[in-house]
Structure formats: C-alpha cells, structure tokens
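Chain W is already provided as a structure; the job is to place chain L on it using the hints.
Listed here are the chains, written in short residue letters.
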Amino acid sequence: MNQDFLVLCLESGSVAVLIQKHTNMSKNWPLWEIFVRSKNGLEHRHFGSLHAADADMALENARDVYTRRSEGVSIWVVESKNITASNPEHNGELFEPAQDKVYRHPTFYDLPDEVKHM
Amino acid sequence: MKQNKNLYNYIIGIADNSLILAQRLGELCGHGPTLETDIAGTNISLDLIGQARNYYQYAAKVQNEGKTEDDLAFLRLENQYRNVLLVEQPNEHFGYVMGRQYLFDVFHLMFLSEMLQSKDETLAAIAKKGIKEVSYHKRFSGDWIKRLGDGTEESNHNIQEAIDELWAYTDELFDQTEADKAMIAEGIGVDTSKLKEKYYEEVSILLKEATIEVPERKYFIKGGKKGVHSEHMGYILTEMQYMQRTYPNMEW
Chain W
668 MNQDFLVLCL ESGSVAVLIQ KHTNMSKNWP LWEIFVRSKN GLEHRHFGSL HAADADMALE
728 NARDVYTRRS EGVSIWVVES KNITASNPEH NGELFEPAQD KVYRHPTFYD LPDEVKHM
Chain L
2 MKQNKNLYNY IIGIADNSLI LAQRLGELCG HGPTLETDIA GTNISLDLIG QARNYYQYAA
62 KVQNEGKTED DLAFLRLENQ YRNVLLVEQP NEHFGYVMGR QYLFDVFHLM FLSEMLQSKD
122 ETLAAIAKKG IKEVSYHKRF SGDWIKRLGD GTEESNHNIQ EAIDELWAYT DELFDQTEAD
182 KAMIAEGIGV DTSKLKEKYY EEVSILLKEA TIEVPERKYF IKGGKKGVHS EHMGYILTEM
242 QYMQRTYPNM EW
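From first to last, the protein sequence lines are chains W and L. Each residue of the first sequence is one higher than the one before, counting from 668 in our numbering. Each residue of the second sequence is one higher than the one before, counting from 2 in our numbering.
Hints listed in this document are in silico derivations from the structure and should not be mistaken for laboratory results. Check each hint, because a few of them may be wrong.
Taking lysine-lysine and the BS3-like style, the derived pairs with C-alpha atoms no more than 27 Å apart in a straight line are [stated by the list, open to error]:
# : chain 1 : residue 1 : chain 2 : residue 2
1 : W       : Lys706    : L       : Lys133
2 : L       : Lys3      : L       : Lys195
3 : L       : Lys130    : W       : Lys706
4 : W       : Lys706    : W       : Lys783
5 : L       : Lys147    : W       : Lys748
6 : L       : Lys129    : W       : Lys706
7 : L       : Lys3      : L       : Lys223
Next comes chain L alone, as it looks inside the complex:
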C-alpha cells in the first residue's frame, strides 16, 4: 500500500512536469512569432501531452480509486501538482520560451535515458517512446539558444536575460522527494543526483557556444516538487481546469 502511494506520487511528479510545460507552450498556439515556430511549439506541446496522458493513465491504475487520467490532470488542487517551478514560468518573450524549454529538455532527455533501465516496465516503456520526441525537442530548443545568443545584440540581450532568471529554477530538477528516494531505492526511480554534474556541464558548453554567459548563483528557488508553487500556477490551473470544472466529465 505504502509502496503504491510512493509509486503514484513518483509518476505524478513526472507527469505534471510534462503537462504544465505543455500548457505553457499551448498558450502560444496561434501566437508564435512565425507560422513555422508556432507549429513547432505546438508540436512539442502535443508530444508532452501525449507523454503526460501515458503517465496519468498509469498513475490512475496504480492509485486504484476509480479515477481517470482527466481527473488527475484537471481536477487536483494547486498544492497537489508536483511539477518543478521551472516549467510553470511564464512566456515573457521568445527567449524565455526557448530558455525554459532548453533547460528542461536537457534534463528531460537525461532523465528518460535513465528511466529506460527502470524495473517498472510501464515507466521504461513510456521512456522508450518519449526519448525520440524529447531528443528532437532538445535539438530544436538548443538550436534556438545558439541562434538567439549568437544572433543580434537584441536577441543576445533577451536570451541572456531569460537564462539569468530561469537559472534560479534549475537546481530543483535534481531535488528528491520522499517518493523519489523510495522509488530510487526500489530500482524504479531515476537517481537524479547522478545527473546534476552532467547537466550543468552540457548546458554550460552550449551556452558558451552561444556566447551566453553561464550564470553564477548560490541560491536557488524551489518548491514545486513539494506542492508549493509560484504565483503563476493558479492562473495556469484556472485556464487549464476551466472546461472540466464547468462541464464535469465532459469529453471531446
């Protein structure tokens, strides 16, 4: 029973990252800077929603309370969402959108590559499917980081501003909740502490290539993994949950 609770919380943590980032990207549907980048962003959003669905379906099964993927995605309270703060940060400008994406994509790809080895066959299977999608996400966002950083004075200024601000949320990616620790001990979860050094190394190499200064920061902002979110989260959920709350059990 306890084991199921931990597994449920573990899956929800991964799923919420994908869902909330997808929601942020979805906000830009029809508002992207160009037709091509608009479609690209929406494609990434749909990839992430697809992954989130797989996680929520599995979490609902593990929870075994008769809930559906929609209940889990749309009908929880703010403090029950366990996504990292990074993915809920707003689309201030295109630099923030690509900066947030890249800082998450590098982690996401490393995470899924490790989850392939999970003793939990369902999680390993979701990882296997997601890796190809996320490899493309990282390629896309990484290319844009280079273009913006090594582009014009204005684009360099904007991407530097975004990276400086978003950097404060990167350390939380490697924080471990009790559920995380329990699942790592079981051989199901990914030991994110092993990814941290590799992560900052990889990100720093690309930032330098993009002539973006690597931020130096001792203090990081965290909380999402414990359910303590930034002021943005309430607005995200208001929009995202509107349909299910107004028309309960609605289906398309």
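Just chain W, with the same shape it has in the complex:
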C-alpha cells in the first residue's frame, strides 16, 4: 500500500478546487500570518498565511498546513490585520538613502568561521 496516492491528490489535482474554496472562505474567517521556527536556535520565519476562526484554530491549521513535513518545532500565529506594513509608495524615502552608506555594513571585519547566521 502506498500513501503517496493521497499525497499526490492533495498536491496536484485538488489544488485548484482548494484554492477556489480558500478564496471563498475569505468572506468568513479572518486571515492569519504564520511564523515557524524550523529548529531550535533559529528565529521564527514567515511561512505564509491561512484562514481560521480564532488563534487556537490558526495554530492547528498551521500545524497541518505548514509543518506536516517536519518543517518546524514552534509556531507563532498573528492575525494579519494586526500587522502594520510600510507603504511601497514611500520606498524611496525609506530605503534608498541607505544604499550608498556602504560603511554601515560590517564588511571591514574578518568574521571567524564559527560565527554563523550573520
């Protein structure tokens, strides 16, 4: 017996239907942003978003949607509306001034090999 069959259904043929349902759901359940720590010592990283009625359901859904291939050891969920994002129209004033400040990068130091994730 091979479990790949069900996985195959999930990964390919059904995705279009599911995405359609996903879109329809947006009328009902709020959107949540999912952050997953892939292993101890690393930071939580943004993995994607999903719909859920509340935080508990968001955690369970995130467990099933984003960590079913052992991607994580810890999950954070944040309702998307609680995230304040920068406005792309302000990108010029926000980010461009940093582009010619090369001296702000610590590239003039030799980093020992033992220092990782810098």
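Leaving out everything else, chain L in the frame of chain W:
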C-alpha cells in the same frame, strides 16, 4: 496454531478500524469545507493508513501464508473485514465527519494507551508510535465538536443530528470477539470492557461543554466486528479495492 489464528484476527480487527476510517476521510481529499480542514482531514487519514500498514505487515507475518500487507488491506471479502460499524458511516456532512472522528478518537486513544502494556512487543511498539498521532486527532475533532455545538443554530442542529445518529454505533467499540477474549486472557489484548464507563464519561463531558445533548439510547447497532456490515461497506470496498483488483499486484 490456534493462538496464531486468534492473534491474526485480533490484529486485523484493530487494523480494519484504522483503514476504513482512513478511507472515509480520504474520500474528502480535495472536497473538505476549507483548504485548512481539507489538509487536516487528509493528514489524519494518512496517520491512520500508516498505523494500518504496521498492523497488516505484522498480521501477514503472523499468518505466515506468504501474503503481503496489500493482500490483507485490499483483497479480502466484505465479511472478512472486522472494523466496527462506526468507522464505515458516510460523510453526510461535516458534523458527521467530526462526530464520527471524535467518537472514535476518544476510544482509539484509550485503546492505544492500554495497548502500551501489551505483552506483544510489536503491538506495544505500534501503540507507542500511534499515541502521539491519535492525541492530536482527538484534540482536533474535539475542538470541532465544541465549535459546532457552541457555534450557530445551524451548526448546533447539524452536530446534534450527527451525534444522535452515530451514538447507536458506539457500544460496539466495547464488544469482544472470541479472538479479543483469547488475547485479553493472554495479556496481549486490551480489555475494552474496562474502558467503557470512562469513555462515556469523557464524551459526555465534552458534549455538555459543547451544548450538545447526550443521547439516551438502550439499543445499539452492531455487527462489523463479526463481519456483518452496513450497506455502506460494499461501496467503500468497491472504490478502495478497485486498483488492486483491476491491476493485480500493482505497486506505486
């Protein structure tokens, strides 16, 4: 020899519960109410298929007739399947799917927790691996029972309807076949009669919390453990066995 036959029948009984419930959940792959619940249901299905594989591999070894896990899973006749009637009940609506799941999960977790003590090392090892999976299944289905029961008028009506109907199949979980009794006497099998009171107590507490009325019922429907199935079983097997019967010995 007799002992092996009993052990084989005992393992098959446990395995069929997982396989048929997995098949029911698998039917919903791509048809779940939302993307998230769809993936969750399929995950549970795959957990159960994984457990069933371990049981069938072991049963094939105990049987010692050169059969494989696929032979046992896909090539038996309807009356040779020994799953309880509860797990073959159809996916009428989401209330039935979660109701059936929860009513089985509570039993399943209690059962595996007891099977940890089995004198049969293989069964104890399968139980150890399954407990974490099934703990999550129960958490997931239990949460949904609460959401549906304590949700809207419509969701409460639907989950109540499902629980009322599925309740009739719960008593069979605790029925003991001859193989069950023989294995209990050997210290291999789980004495399900000891779980019954605890089971109804735990389920009732959650149902009350979910504002669902606990059904009162004197007569229960049974038969699956003896190989006498509901009218749904033939359709399940037709779909499930199609590939192996059309392309014998096929592998993926």
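Regarding the pair Lys706 of chain W and Lys783 of chain W, is the alpha-carbon distance no greater than 27 Å? 15 Å, holds
Under the criterion that the straight-line Cα-Cα distance not exceed 27 Å, is the pair Lys129 of chain L, Lys706 of chain W satisfied? Satisfied, since the Cα-Cα distance of roughly 24 Å is no more than 27 Å.
Under the criterion that the straight-line Cα-Cα distance not exceed 27 Å, is the pair Lys3 of chain L, Lys223 of chain L satisfied? 26 Å, holds
Are the Cα positions of Lys130 of chain L and Lys706 of chain W separated by 27 Å at most? 22 Å, holds
For a C-alpha distance cap of 27 Å, please report whether Lys3 of chain L and Lys195 of chain L respect it. 26 Å, holds
Measure nothing beyond the straight line between the CA atoms of Lys147 of chain L and Lys748 of chain W; if it is 27 Å or shorter, mark the hint as holding. Cα-Cα ~26 Å, so holds.
Taking only the CA atoms, is the gap from Lys706 of chain W to Lys133 of chain L under or equal to 27 Å? 20 Å, holds
Checked against the numbered hints above, the structure breaks none of them.
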